[in-house]
Amino acid sequence: MKKSLSAYSEATTKEELERHIMVVWVDNEAGVLARVSGLFSGRGYNIESLTVAQVDEEKNISRITIVTNGTNSVIEQIKAQLLKLIPVYKVASFPVDDKSIFRELALIKVIAEKKNLEKAKEICNSYKAQYLDTTSSSFIVEFHSTRREIDSFIKELKPYGIASVARTGPLAMAKGAEITEANKGKVI
Amino acid sequence: MSQITGAEIVFKAFADHGVEYIFGYPGGAILPLYDELRNHKKIKHILVRHEQGAGHAAEGYARSSGKPGVVLVTSGPGATNMVTALTDAYMDSIPLVCVTGQVPTHLIGTDAFQECDTTGITRPCTKHNWLVKNIKDLPIIMHKAFHIATSGRPGPVLVDIPKDIQFQKTEYVKKEDVIQKINKVVTEVETSELDKIVDLIYKSKKPIIYSGGGVVNSGDKASALLQDLVRMTGFPITSTLQGLGAFPGDDHQFLGMLGMHGTYEANNAMHDCDLMINIGARFDDRITGKIDKFSPESKKIHIDIDPSSINKIIKVDHAVVGDVENVLNKLIAVFKKKYPNFKNSNKENISEWWKQINKWREKKCLSFVQGKKTIKPQYAIERLYELTKDQDTFITTEVGQHQMWAAQYYKFNKPKRWMTSGGLGTMGFGLPAAIGVQLANPGKLVVDVAGEASILMNIQELSTAVQYRLPVKIFIINNQYMGMVRQWQELLHEKNYAESYTEALPDFVKLAEAYGAVGIRASTPDELDSKIKQMIKSDKPVLFDCVVDRVENCFPMIPSGKGHNEMILSPQDEKETKISKEGKTLV
Numbered sequence: 001m002k003k004s005l006s007a008y009s010e011a012t013t014k015e016e017l018e019r020h021i022m023v024v025w026v027d028n029e030a031g032v033l034a035r036v037s038g039l040f041s042g043r044g045y046n047i048e049s050l051t052v053a054q055v056d057e058e059k060n061i062s063r064i065t066i067v068t069n070g071t072n073s074v075i076e077q078i079k080a081q082l083l084k085l086i087p088v089y090k091v092a093s094f095p096v097d098d099k100s101i102f103r104e105l106a107l108i109k110v111i112a113e114k115k116n117l118e119k120a121k122e123i124c125n126s127y128k129a130q131y132l133d134t135t136s137s138s139f140i141v142e143f144h145s146t147r148r149e150i151d152s153f154i155k156e157l158k159p160y161g162i163a164s165v166a167r168t169g170p171l172a173m174a175k176g177a178e179i180t181e182a183n184k185g186k187v188i
Numbered sequence: 001m002s003q004i005t006g007a008e009i010v011f012k013a014f015a016d017h018g019v020e021y022i023f024g025y026p027g028g029a030i031l032p033l034y035d036e037l038r039n040h041k042k043i044k045h046i047l048v049r050h051e052q053g054a055g056h057a058a059e060g061y062a063r064s065s066g067k068p069g070v071v072l073v074t075s076g077p078g079a080t081n082m083v084t085a086l087t088d089a090y091m092d093s094i095p096l097v098c099v100t101g102q103v104p105t106h107l108i109g110t111d112a113f114q115e116c117d118t119t120g121i122t123r124p125c126t127k128h129n130w131l132v133k134n135i136k137d138l139p140i141i142m143h144k145a146f147h148i149a150t151s152g153r154p155g156p157v158l159v160d161i162p163k164d165i166q167f168q169k170t171e172y173v174k175k176e177d178v179i180q181k182i183n184k185v186v187t188e189v190e191t192s193e194l195d196k197i198v199d200l201i202y203k204s205k206k207p208i209i210y211s212g213g214g215v216v217n218s219g220d221k222a223s224a225l226l227q228d229l230v231r232m233t234g235f236p237i238t239s240t241l242q243g244l245g246a247f248p249g250d251d252h253q254f255l256g257m258l259g260m261h262g263t264y265e266a267n268n269a270m271h272d273c274d275l276m277i278n279i280g281a282r283f284d285d286r287i288t289g290k291i292d293k294f295s296p297e298s299k300k301i302h303i304d305i306d307p308s309s310i311n312k313i314i315k316v317d318h319a320v321v322g323d324v325e326n327v328l329n330k331l332i333a334v335f336k337k338k339y340p341n342f343k344n345s346n347k348e349n350i351s352e353w354w355k356q357i358n359k360w361r362e363k364k365c366l367s368f369v370q371g372k373k374t375i376k377p378q379y380a381i382e383r384l385y386e387l388t389k390d391q392d393t394f395i396t397t398e399v400g401q402h403q404m405w406a407a408q409y410y411k412f413n414k415p416k417r418w419m420t421s422g423g424l425g426t427m428g429f430g431l432p433a434a435i436g437v438q439l440a441n442p443g444k445l446v447v448d449v450a451g452e453a454s455i456l457m458n459i460q461e462l463s464t465a466v467q468y469r470l471p472v473k474i475f476i477i478n479n480q481y482m483g484m485v486r487q488w489q490e491l492l493h494e495k496n497y498a499e500s501y502t503e504a505l506p507d508f509v510k511l512a513e514a515y516g517a518v519g520i521r522a523s524t525p526d527e528l529d530s531k532i533k534q535m536i537k538s539d540k541p542v543l544f545d546c547v548v549d550r551v552e553n554c555f556p557m558i559p560s561g562k563g564h565n566e567m568i569l570s571p572q573d574e575k576e577t578k579i580s581k582e583g584k585t586l587v
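Protein chains in written order, with my numbering: chain X, 1 to 188; chain B, 1 to 587.
Wrong hints could be hidden among the right ones.
[As the list claims (entries may be wrong)] For lysine to aspartate or glutamate, the following EDC-like pairs were computed, each having C-alpha atoms within a straight-line distance of at most 16 Å: (1) K389/B x E188/B; (2) K12/B x E171/B; (3) K184/X x E171/B; (4) K184/X x D306/B; (5) K184/X x E188/B; (6) K330/B x E190/B; (7) K411/B x D392/B; (8) K79/X x D526/B; (9) K372/B x D526/B; (10) K312/B x E15/X; (11) K312/B x E76/X.
Keep in mind the hints are simulated off the structure, nothing from the lab.
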């Protein structure tokens with residue numbers, strides 16, 4: 001296979017790829033998600049997951065949480081590029097480590113015969129999952145935890161008849177009393 | 001307050017922001033705005049022949065005047081034809097405000113006639129864009145559009161206005177009321193950082209200043225400050241393609257342009273220096289060559305208004321984010337305070353460096369041999385320079401060999417005299433840009449240095465020049481090849497000249513006449529001067545067909561995958577330097 005077509009952008013010192021969480025605060029206006037996701041695809045950055053919702057109704061602010069991977073310099077570049085978008089006014093990034101809190105949510109529907117349904121429920125109980133809907137041949141549980149925990153929960157449940165899984169990407173927040181300063185590093 | 005229509009709001013905003021010219025092309029979805037034109041006699045509309053031409057003309061206007069260029073086009077194809085110009089302006093940081101018509105709001109999303117997702121298409125090639133869905137937002141958006149286009153690192157913005165919104169009425173909002181509310185973020189220059197930079201300047205034995213388009217964009221004061229800094233320090237200076245003119249091109253301290261087709265002395269100085277001061281440039285790949293061979297021994301300082309330019313390609317030791325004028329002002333103040341008698345004490349410090357630079361200069365990397373029969377393209381540009389340098393001349397270019405020759409052989413002594421498509425490399429840029437330049441600078445000589453292939457990409461704008469009596473001069477370096485493509489094929493693709501030769505070219509003299517312009521042809525060196533003089537004298541648009549050597553290559557050149565100290569200088573040199581197999585795959 002041919003090497004990179006552009007020598008001038010060829011990475012010569014290979015840095016290590018790391019998973020990072022980018023948290024982006026944006027004005028909740030039409031097209032803002034397209035601006036953010038378009039920036040990632042247009043500049044060749046990776047999006048592993050993306051979660052977005054309004055967090056401040058009064059100020060009309062949405063919080064976007066993006067899991068991405070890249071070298072440290074790429075992460076810095078993503079941050080700088082995000083801050084150039086007009087509706088973006090705050091960006092935080094942190095590596096996936098124990099200095100931050102991560103939570104994901106999963107909804108899982110199990111359809112099975114009585115015997116398997118009982119076994120599945122045992123697993124759900126041990127994980128302290130919450131039942132949202134139960135019938136004689138099925139149930140839906142809600143489970144929120146870290147990605148790894150949800151992965152192992154699903155793995156254990158799988159042999160007993162998972163019919164449907166819905167998962168969010170992670171939400172993230174830095175531990176401790178510090179918060180990210182608004183408009184830091186932004187030049188319009 | 002009385003209510004006015006969307007169309008009136010747009011024009012009121014134009015007037016408030018001092019718009020003199022609109023470059024545009026009418027169409028169904030923008031007609032209410034065109035209706036309004038008759039009520040604003042101070043705003044002149046320039047009817048182009050293709051929307052892309054409107055975009056480049058607005059760019060030429062903006063670059064040579066320092067004011068934003070304004071474009072008015074219709075929905076669908078009108079908008080899509082603008083995409084190249086918007087991308088060009090985005091890459092080269094040129095302030096444009098583009099207003100597009102859109103199908104009425106109730107038809108959006110129905111695949112209506114001349115509908116396209118304009119804001120979706122132009123999102124990656126504008127600084128920001130808006131689809132106006134509520135008439136109440138329109139005055140605010142218009143003011144924000146002008147503010148965003150011109151502030152920080154300038155760039156293009158687009159406002160997409162559905163036809164029904166153009167008819168709806170609301171109250172106008174004053175410009176000041178909107179601008180005041182915008183959360184302007186000004187970065188403070190850190191004095192401690194300036195202190196460290198000044199110390200580095202003091203200590204450096206092999207310094208170089210590398211300036212870029214950011215100096216020109218910052219304004220004439222920034223250019224003056226750059227000149228102060230260069231004089232104060234006695235340092236050598238080189239410039240990117242976009243930065244030409246910020247420092248006088250005929251000054252002894254100026255080493256010429258750097259980069260892929262930069263001078264031998266500039267590139268070697270970049271490679272060997274111990275201190276590099278980047279002022280308003282962005283370490284573009286045409287400048288750096290291969291990254292790991294880029295100036296390995298130097299401390300690097302970067303001054304740029306765009307934080308994302310810092311450490312994007314080249315890791316620097318000290319970065320200052322801010323407007324060049326502001327940063328240089330403070331830097332010079334700190335410097336004068338700390339080292340008042342620097343220049344005299346420094347002469348000895350960098351004398352060895354200047355000796356080395358003068359040795360590189362002795363290579364005379366831009367020399368060429370002009371025979372008696374055919375015109376060498378370098379000679380053509382050199383003569384154009386000699387015959388126009390005594391008047392305030394504005395040069396635009398297309399893209400290719402002629403562009404590089406113009407950058408190498410035409411010496412610019414003032415900023416905003418040189419308009420070229422550097423980032424995107426848009427063939428077809430020069431003629432419409434020249435039209436914009438001529439409008440912004442009436443009575444001045446404006447020359448589009450062109451290639452015969454590039455000029456055909458937007459030749460229709462000659463008709464615009466004729467209509468508005470804009471005496472732009474189009475100086476075609478005609479070698480019948482897409483010269484730069486041919487050069488790469490010769491050097492990198494085993495002389496496989498695939499599709500780079502134009503089998504059937506128009507007779508440019510007759511073409512000029514057909515448009516109502518003047519056509520002049522020069523084919524031999526001895527008639528060149530008199531023909532150029534004839535071109536300058538003409539008060540009409542001129543299409544000058546300068547027939548040159550067909551296979552001349554543009555040197556010096558840093559071949560693909562090589563460093564700044566591995567340039568090809570001449571055809572003899574080229575045979576000795578083998579481009580590696582790996583290098584051939586590089587762009």
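Hint check:
Restraint check for K389/B and E188/B: the C-alpha separation of about 40 Å exceeds 16 Å, so the hint is violated. For the given pair, K12/B sits about 12 Å from E171/B by alpha-carbon distance, which is consistent with the 16 Å threshold. A distance of roughly 35 Å separates the Cα atoms of K184/X and E171/B; the hinted pair therefore is violated under the 16 Å criterion. A C-alpha spacing of about 13 Å is found between K184/X and D306/B, which places the hinted pair at or below 16 Å, so the restraint holds.
Proximity of K184/X to E188/B is assessed by CA-CA distance (about 11 Å); at most 16 Å being required, the pair is judged to hold. For the suggested pair K330/B and E190/B, the alpha carbons sit about 10 Å apart, so the restraint of at most 16 Å is met. Note on K411/B and D392/B: the hinted pairing holds, with a Cα-Cα distance of about 12 Å set against a maximum of 16 Å. In summary, the hint linking K79/X to D526/B is not supported, as the alpha carbons are separated by about 59 Å, beyond the 16 Å threshold.
Restraint check for K372/B and D526/B: satisfied, since their Cα atoms lie roughly 8 Å apart, inside the 16 Å limit. At most 16 Å may separate the alpha-carbon atoms for a hinted pair to count; K312/B and E15/X meet this at roughly 14 Å. Distance restraint check for K312/B and E76/X: the Cα-Cα separation of roughly 9 Å lies within the 16 Å cut-off, and the hinted pair is therefore satisfied.
Consistency note: the structure conflicts with the earlier hints numbered 1, 3, 8.
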